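Chains as they are written, first to last, in this note's numbering: chain A, 1 to 129; chain B, 1 to 129.
These aren't lab readings, by the way, just hints derived from the structure by calculation.
Remember, it's a predicted structure, so these values are computed and weren't measured experimentally.
Check before you lean on any hint, since a few could be wrong.
When chains are identical, the list treats them as one kind, so a pair holds in a single copy or across two.
What the hints assert, rightly or not - Using 27 Å as the maximum straight-line C-alpha spacing, the simulated DSS-like pairs for lysine-lysine come out as follows:
1) Lys42 / Lys70
2) Lys74 / Lys42
3) Lys27 / Lys42
As a plain string of letters, each chain reads:
2 protein chains.
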Amino acid sequence: MRITMTPIGVFYTDETDIPRHWSISDKKGWIEIDPAYTEGLKDIRIGEQIVVLFHFHRSAPFSQDLLVQKPPHKDRPMGVFSICSPRRPNPIGFSVLTVTAIRDNIIHVDRIDMIDGTPVFDIKPFVRP
Amino acid sequence: MRITMTPIGVFYTDETDIPRHWSISDKKGWIEIDPAYTEGLKDIRIGEQIVVLFHFHRSAPFSQDLLVQKPPHKDRPMGVFSICSPRRPNPIGFSVLTVTAIRDNIIHVDRIDMIDGTPVFDIKPFVRP
Numbered sequence: 001m002r003i004t005m006t007p008i009g010v011f012y013t014d015e016t017d018i019p020r021h022w023s024i025s026d027k028k029g030w031i032e033i034d035p036a037y038t039e040g041l042k043d044i045r046i047g048e049q050i051v052v053l054f055h056f057h058r059s060a061p062f063s064q065d066l067l068v069q070k071p072p073h074k075d076r077p078m079g080v081f082s083i084c085s086p087r088r089p090n091p092i093g094f095s096v097l098t099v100t101a102i103r104d105n106i107i108h109v110d111r112i113d114m115i116d117g118t119p120v121f122d123i124k125p126f127v128r129p
Numbered sequence: 001m002r003i004t005m006t007p008i009g010v011f012y013t014d015e016t017d018i019p020r021h022w023s024i025s026d027k028k029g030w031i032e033i034d035p036a037y038t039e040g041l042k043d044i045r046i047g048e049q050i051v052v053l054f055h056f057h058r059s060a061p062f063s064q065d066l067l068v069q070k071p072p073h074k075d076r077p078m079g080v081f082s083i084c085s086p087r088r089p090n091p092i093g094f095s096v097l098t099v100t101a102i103r104d105n106i107i108h109v110d111r112i113d114m115i116d117g118t119p120v121f122d123i124k125p126f127v128r129p
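Excised from the complex, chain A in its bound form (with noise of 0.2 Å):
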């Protein structure tokens, strides 16, 4: 079975460091949703995480070698089910961002740790487990 997405939108960011994990940036950037979903946006607001999910455009595509991969910030190789590596089986990225600003069909968010380009399949309010 295959299952066909189309983006979204597109996330942007000057900056270029970016973190590995939204956890641990402050980095900031914004996302740009196609027009025709604008009236989608009206209920998120300035302060609230959201849940981005994203494609990792510029994976290669997956092998079974990299069921196990060794994290950079690990000291051990681990299963792919278990580390945010980008190359997974389905290159869907996640992160939980803080929106700063929102304007028409622009969010702007921190905590960013995708980089330029990333096209987005979705956003989602973040409930808190």
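Once you have looked at the hints, place chain B on chain A.
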């Protein structure tokens, strides 16, 4: 641009009354991962919280009239990117589940909000913001 995903496994449950959201769920189920990916599960531990990305496979295609929807538990219509509705531009679901057991390619999970037969795209570690 269109991006194609292939599920890595399927979620199953014997429960019948599935809660609308994992944050209020006490229901159980299990994820059966394609055995080709078993090695990638080796560092998942009992008691751990995992992010599960899955396909809202029963949802009808998205249409513009769904940009604003009234969730059953809210008193007003809200933008689709501020609610967890399965009817969204890209039908990707996101849940934070608790691992209760793991053996080979089967992960038993608690706090489920997915229906039986749901295709799973990815499992990631949950890092608390």
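Each hint, compared with the structure:
When the C-alpha separation of Lys42 and Lys70 is checked against a cutoff of 27 Å, the pair qualifies only between copies, where the shortest distance is 13 Å, while the shortest distance within a copy is 41 Å. Proximity of Lys74 to Lys42 under the C-alpha cut-off of 27 Å is restricted to the inter-copy arrangement: shortest distance 15 Å between copies versus 40 Å within a copy. For the homomeric pair Lys27 and Lys42, the shortest alpha-carbon distance inside one copy (25 Å) is at most 27 Å, but the shortest distance between copies (32 Å) is not.
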